[in-house]
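Asks: Chains as they are written, first to last, in this note's numbering: chain A, 1 to 509; chain B, 1 to 369.
Keep in mind that the hints were calculated from the coordinates and are not lab data. Heads up, the beta-carbon is just placed ideally off N, CA and C, and yes, glycines get one too. Be aware that one or more of the hints could be misleading.
Take a look, some chain A residues computed to stay more than 12 angstroms from chain B by CB distance [stated by the list, open to error]:
#: 1; residue: Gly68
#: 2; residue: Met103
#: 3; residue: Trp122
#: 4; residue: Ala134
#: 5; residue: Val178
#: 6; residue: Gly198
#: 7; residue: Asp199
#: 8; residue: Ile205
#: 9; residue: Ala214
#: 10; residue: Arg257
#: 11; residue: Glu335
#: 12; residue: Gly357
#: 13; residue: Trp380
#: 14; residue: Leu381
#: 15; residue: Asn388
#: 16; residue: Ala492
Heads up, simulated DSS-like pairs for lysine-lysine below, C-alpha to C-alpha not over 30 angstroms straight-line [stated by the list, open to error]:
#: 17; chain 1: A; residue 1: Lys290; chain 2: A; residue 2: Lys400
#: 18; chain 1: A; residue 1: Lys428; chain 2: B; residue 2: Lys259
#: 19; chain 1: B; residue 1: Lys259; chain 2: A; residue 2: Lys351
#: 20; chain 1: A; residue 1: Lys208; chain 2: A; residue 2: Lys351
#: 21; chain 1: A; residue 1: Lys126; chain 2: A; residue 2: Lys35
#: 22; chain 1: A; residue 1: Lys166; chain 2: A; residue 2: Lys139
Reference excerpt, derived from the structure (chain A facing chain B, CB under 7 angstroms, subset only) [unchecked claim]:
#: 23; residue: Ala118
#: 24; residue: Ile119
#: 25; residue: Val120
#: 26; residue: Gln315
#: 27; residue: Arg341
#: 28; residue: Leu344
#: 29; residue: Ala353
#: 30; residue: Arg367
#: 31; residue: Asp370
#: 32; residue: Pro373
The lines below spell out each chain.
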Amino acid sequence: MTDRPHAGDKTFGVEAAAMTMRFGDFAALDKVDLKVRPGTFHALLGENGAGKSTLVKCIMGYYRPTAGDILVADREQVIANPKDAHALGLGMVYQHFTLVGAMTVAENLVLARDDVPAIVDWTREKTELAAFLARMPFKVPLDAKVSDISAGERQKCEILKQLYLKRRFLILDEPTSVLTPGEADEVLGMLRAMVVAGDLTILMITHKFREVMAFADEVTILRRGKLAGKGRVAELTPDDMARTMIGAEELTVQPARSGQVGKPRLELEALRALDDAGAIAVRDVSLTIKSGEIVGIAGVSGNGQRQLVEVLAGQREAEGGAIRVAGDLYHASREEMRRHRMSLLPEEPLKNACVGGMSVADNIAFREFDRAPFSSGGFWLNRAAFRNDARKKIAQYKIKTRTPDTPMAALSGGNVQRAVLARELGSKVEVLIAANPCFGLDFAAVAQIHAEIMAARNRGAAVLLVSEDLDELLELSDRLVVMFHGQFVYEAPTSAVDLTEIGRHMAGH
Amino acid sequence: MTTDTADSAAAAAIAPAADPSFLQRHGQAIEYVLIPGAALAGALVVFGIFVALFGKNPLDLYFYMYYGAFGTWFSWQNTLARAAPLILTALCTALPAQLGMVIIGGEGALLIGALAATSAALALPWAPPLAVQFAMVIAGIIGGGLWIMLAGALRQYRGVNETISSLLLVYIALAILNHLVEGPMRDPGSLNKPSTREIGAANMIGTIPGTDVHWGLVFGLVAAAAAYILIYHTTFGFAARVAGGNIRAARIVGLSVGKLIMTICFLAGGAAGLAGMIEVAAVQGRTNANLAAGYGFTGILVAFLARQNPLAVIPVAILLGGISASGGLLQRRLGLPDASVLVLQGIIFVFVLASDALYGRIGFLKGKG
Numbered sequence: 001m002t003d004r005p006h007a008g009d010k011t012f013g014v015e016a017a018a019m020t021m022r023f024g025d026f027a028a029l030d031k032v033d034l035k036v037r038p039g040t041f042h043a044l045l046g047e048n049g050a051g052k053s054t055l056v057k058c059i060m061g062y063y064r065p066t067a068g069d070i071l072v073a074d075r076e077q078v079i080a081n082p083k084d085a086h087a088l089g090l091g092m093v094y095q096h097f098t099l100v101g102a103m104t105v106a107e108n109l110v111l112a113r114d115d116v117p118a119i120v121d122w123t124r125e126k127t128e129l130a131a132f133l134a135r136m137p138f139k140v141p142l143d144a145k146v147s148d149i150s151a152g153e154r155q156k157c158e159i160l161k162q163l164y165l166k167r168r169f170l171i172l173d174e175p176t177s178v179l180t181p182g183e184a185d186e187v188l189g190m191l192r193a194m195v196v197a198g199d200l201t202i203l204m205i206t207h208k209f210r211e212v213m214a215f216a217d218e219v220t221i222l223r224r225g226k227l228a229g230k231g232r233v234a235e236l237t238p239d240d241m242a243r244t245m246i247g248a249e250e251l252t253v254q255p256a257r258s259g260q261v262g263k264p265r266l267e268l269e270a271l272r273a274l275d276d277a278g279a280i281a282v283r284d285v286s287l288t289i290k291s292g293e294i295v296g297i298a299g300v301s302g303n304g305q306r307q308l309v310e311v312l313a314g315q316r317e318a319e320g321g322a323i324r325v326a327g328d329l330y331h332a333s334r335e336e337m338r339r340h341r342m343s344l345l346p347e348e349p350l351k352n353a354c355v356g357g358m359s360v361a362d363n364i365a366f367r368e369f370d371r372a373p374f375s376s377g378g379f380w381l382n383r384a385a386f387r388n389d390a391r392k393k394i395a396q397y398k399i400k401t402r403t404p405d406t407p408m409a410a411l412s413g414g415n416v417q418r419a420v421l422a423r424e425l426g427s428k429v430e431v432l433i434a435a436n437p438c439f440g441l442d443f444a445a446v447a448q449i450h451a452e453i454m455a456a457r458n459r460g461a462a463v464l465l466v467s468e469d470l471d472e473l474l475e476l477s478d479r480l481v482v483m484f485h486g487q488f489v490y491e492a493p494t495s496a497v498d499l500t501e502i503g504r505h506m507a508g509h
Numbered sequence: 001m002t003t004d005t006a007d008s009a010a011a012a013a014i015a016p017a018a019d020p021s022f023l024q025r026h027g028q029a030i031e032y033v034l035i036p037g038a039a040l041a042g043a044l045v046v047f048g049i050f051v052a053l054f055g056k057n058p059l060d061l062y063f064y065m066y067y068g069a070f071g072t073w074f075s076w077q078n079t080l081a082r083a084a085p086l087i088l089t090a091l092c093t094a095l096p097a098q099l100g101m102v103i104i105g106g107e108g109a110l111l112i113g114a115l116a117a118t119s120a121a122l123a124l125p126w127a128p129p130l131a132v133q134f135a136m137v138i139a140g141i142i143g144g145g146l147w148i149m150l151a152g153a154l155r156q157y158r159g160v161n162e163t164i165s166s167l168l169l170v171y172i173a174l175a176i177l178n179h180l181v182e183g184p185m186r187d188p189g190s191l192n193k194p195s196t197r198e199i200g201a202a203n204m205i206g207t208i209p210g211t212d213v214h215w216g217l218v219f220g221l222v223a224a225a226a227a228y229i230l231i232y233h234t235t236f237g238f239a240a241r242v243a244g245g246n247i248r249a250a251r252i253v254g255l256s257v258g259k260l261i262m263t264i265c266f267l268a269g270g271a272a273g274l275a276g277m278i279e280v281a282a283v284q285g286r287t288n289a290n291l292a293a294g295y296g297f298t299g300i301l302v303a304f305l306a307r308q309n310p311l312a313v314i315p316v317a318i319l320l321g322g323i324s325a326s327g328g329l330l331q332r333r334l335g336l337p338d339a340s341v342l343v344l345q346g347i348i349f350v351f352v353l354a355s356d357a358l359y360g361r362i363g364f365l366k367g368k369g
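Only chain A is shown next, with the shape it has when bound in the complex:
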């Protein structure tokens, strides 16, 4: 592409007309129209698998759409690969960071350019970068190493990188998923200011209605690959948008909070754990969870929550301290898990709790396969029992799979988590540990999982819920704890928590 009409300082709009993208017989996008007006903040809403990413990837040239046109600044363009998109001034910020941790911010910015010279004149580059930063609404420390700066600053770096590369139309893919609410507001607020000033046009993929309501001008909603609705945010309520996203599907109704808080069931005593690099990730934390209560652990990811859950799940050795379940020391052995009726709902269930190559029926039987009726004498497998039990649970937990013998990896994320739910909550539960159990799942799956967690609590289970989603924690928890740098820095009954207070502690202030 020789003409670069838009790689300048003026922003522009992008329009996708009748975009269709087929993978084999499956239409990921079916004649979807999207119009992002120049100088607006546009939100793209939809459940997982609704086609948001596919649409954006077509615009950015990662996919060649089966049919449909893309108009950039009202001119039809063929975008064959991401390079073409960049040349037109389109930029994308991903959910996860694409910065090199061991290099400084300045180095990362310069290296992102297409035309890095063989020998970089750093003095000149730094002067230019400083001049560039002076024109920008947000600042980042140019000489700091990326690994030393906070997640919020890294996200700012990603956005600055796009602006530095003179991209005036930005696509943001769930940009705030790793930020505290405060950081998210700050970053989006600054972007919003640039949009209002006419320097930038933004298309943001998100599932947070709060952010849509606060920052977006217009919204486009997709459902199952089709345009489900669009409109001006000012004229809509979150309820309208949610209903458009879900369609006619019925959601599981969450049972009301009931029952009494009982005796202490799960106790952590000065628990300490290391991360993979050998640094202390969990610093001598203590916590008591009683039966019939849900304790939520909030925190920005990477503050030790994952290691804490791994210790409880038997995936990591504790470095010090003790775990007690119903008063007994606990080492995550199979016998103890059984005796105490422990259940675990880990994040990314396919990675953490399933074997993708084994069948759905096999995966559902992981906890019980060495007992009757799944095996005779604790030795000989009884295949028919696997299939019968799986059939029952597939129906009960609404797992969408062709047969019980289908490999687990062939299921969608929501259905994998439903299968794990069936395995973990299929019998009586006394201790439940859940970590981001709804991450990346659709409304129906989320509603079902929340209902099951609440039901387990009401039946007297002690529940530890670790989540990066504050709304989820506020909805389910009886008590809320904030984890920062491997320690519990704040604790309060959920009914008494203050959102700004939590945000402050999440950020470590």
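Keeping the supplied structure of chain A fixed, place chain B upon it in accordance with the hints.
Replies: Using the frame of chain A, we list chain B on its own:
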């Protein structure tokens, strides 16, 4: 707000997909036969080119290979006798593979198993032959089993890569064997080729009636069938497949991964050790450096070609036993060097490893995405 009707599309999406074709339903099974078969064929073509460079006719080559391996009853017996240890050494790689481990030290376990079996026989000169043979089997299994368990323990408790440790253990095993047969265990009568004393003709396991194939073949077949049943029909095998498929999933349901690793490594090494015992009790009659004939290494090839499936190991071992059995004929009729068979094995291995990238990518076998 303008709302289009996506509900009709929703209904369509829930409706069951049309029945996939036969090819798509059995795509995976077909792949497991088709891809190794194609890799083998590709290797034969390349080997044919290699032979053509020597000025020989590749078609003659293929004919003599077939004839030397499966052409006559005599060549069949030769092939089966060679297949027996290959089945067992292949299990030494295929069993740990169920746990996601790559063990390539079957040769070492074979040598230690042979030493242990020979020692057992020499320690029981007064015992009846059946008792001696039984002791040899037990000693061979325990010797080989402990040897590979060592690699498993290094992996589990010290984080040492089991592929490298098991390979290096082969050289240690060979050194131990050489030390013993040239020193403490040497038969003073073995002048040119240092060896242990013979276990005695009465203690040899003999041949299957009506054939020249020794009983080792039956040992191999039974071991392969037992391994298959263990992996696919018992709770132990199920636990091993869970741990091999995803170790994090195994831990979250409380399976003791360390115990699984140690047990599987013992059984794997035991199989190779049994191969060593058979080589002593059916072929050599004593232990010496002849035992390091490469069965352990060819077993790796067999296991990979069989996709680590204990039952598929049997036909593949017969196939590769045939290739090595035809080596002599190729040498006599085509004047090819004896090592040509090794060249072919090497080419096959490269093709098999490269063909791994093809699984799930063959267009006409793919299900709907």
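Asks: Decide, hint by hint, whether the structure agrees.
Replies: Consistency of the hints with the structure:
no., hint, in the structure
1, Gly68, "holds (16 angstroms)"
2, Met103, "holds (30 angstroms)"
3, Trp122, "holds (41 angstroms)"
4, Ala134, "holds (42 angstroms)"
5, Val178, "holds (22 angstroms)"
6, Gly198, "holds (27 angstroms)"
7, Asp199, "holds (29 angstroms)"
8, Ile205, "holds (18 angstroms)"
9, Ala214, "holds (19 angstroms)"
10, Arg257, "holds (28 angstroms)"
11, Glu335, "violated (7 angstroms)"
12, Gly357, "violated (5 angstroms)"
13, Trp380, "violated (6 angstroms)"
14, Leu381, "violated (5 angstroms)"
15, Asn388, "holds (17 angstroms)"
16, Ala492, "holds (30 angstroms)"
17, A:Lys290 to A:Lys400, "violated (35 angstroms)"
18, A:Lys428 to B:Lys259, "holds (28 angstroms)"
19, B:Lys259 to A:Lys351, "holds (22 angstroms)"
20, A:Lys208 to A:Lys351, "holds (25 angstroms)"
21, A:Lys126 to A:Lys35, "violated (38 angstroms)"
22, A:Lys166 to A:Lys139, "holds (17 angstroms)"
23, Ala118, "violated (35 angstroms)"
24, Ile119, "violated (39 angstroms)"
25, Val120, "violated (38 angstroms)"
26, Gln315, "holds (5 angstroms)"
27, Arg341, "violated (12 angstroms)"
28, Leu344, "holds (5 angstroms)"
29, Ala353, "holds (5 angstroms)"
30, Arg367, "holds (5 angstroms)"
31, Asp370, "holds (4 angstroms)"
32, Pro373, "violated (13 angstroms)"
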